[in-house]
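Chemist: Sequence:
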Amino acid sequence: MTAAPVEAPTASSLEASTGAFDPARPYRLSTSVSVRPESFGALVYDFHTRRLSFLKTRALVRVVEALAEHPDVHGALEAAEVPPEQWEQYLKALAGLAKAGTIQPRETTT
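Just so we're aligned, residue 1 is where the sequence shown starts under full-length UniProt numbering, counting upward by one.
Derived from the structure by calculation, the hints contain no laboratory data. Treat the hints loosely; a few may be bogus.
Listed below are the simulated SDA-like cross-link pairs for lysine to any residue, each with C-alpha atoms no more than 20 Å apart in a straight line [to be verified]:
#	residue 1	residue 2
1	Lys99	Val35
2	Lys99	Ser34
3	Lys56	Glu85
Beta-carbon label-pair distances, calculated as ranges [what the hints assert, rightly or not]:
#	residue 1	residue 2	range
4	Arg58	Glu85	29 to 39 Å
5	Gln104	Leu52	16 to 26 Å
6	His48	Glu85	32 to 42 Å
7	Pro83	His48	26 to 36 Å
All residues carry an ideal CB built from backbone N, CA and C; glycine is no exception.
Put together the whole structure using the sequences plus the hints.
Modeler: Here's what the structure looks like:
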């Protein structure tokens with residue numbers, strides 16, 4: 001099993017780190033992923049890749065849990081009460097989670 005911390009990157013720009021991640025789209029936790037709350041945040045295990053990751057803050061856990069209930073990432077950030085001045089670092093962290101397959105785009109019905 002490989003442990004890989006998941007947190008906001010500090011050295012790269014949002015544009016360079018996000019790739020295809022689009023915060024205007026709806027996202028959700030991937031179906032192959034299980035989240036176990038911990039005092040520091042949460043352990044995230046992907047049953048397909050067998051990858052173990054960490055969500056290092058409870059606030060990030062709240063955002064990830066809120067993704068499925070909101071029409072876009074910004075709605076989840078608001079619902080989790082993340083201060084707007086911290087959104088950029090959360091968007092970077094979420095982009096990393098999307099790249100790792102921990103979260104995935106959610107289809108919407110019209």
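Chemist: Could you run down the list of hints and mark each one as holding or not?
Modeler: Hints, one by one, checked against the model:
1. About 17 Å separates the Cα atoms of lysine 99 and valine 35, which keeps this hinted pair within 20 Å; it holds.
2. For the suggested pair lysine 99 and serine 34, the alpha carbons sit about 17 Å apart, so the restraint of at most 20 Å is met.
3. Under the criterion of a C-alpha separation no larger than 20 Å, the hint pairing lysine 56 with glutamate 85 is consistent with the structure, at around 19 Å.
4. For arginine 58 and glutamate 85, the Cβ-Cβ distance of about 18 Å falls outside the hinted range of 29 to 39 Å, so the restraint is violated.
5. For the pair glutamine 104 and leucine 52, the supplied restraint of 16 to 26 Å holds, since their beta-carbon distance comes to about 18 Å.
6. The hinted window of 32 to 42 Å between histidine 48 and glutamate 85 holds, with their beta carbons roughly 36 Å apart.
7. For proline 83 and histidine 48, the hinted distance range of 26 to 36 Å is satisfied, since their beta carbons lie about 34 Å from each other.
Violated hints amount to a single one, hint 4; each of the other numbered hints is respected by the structure.
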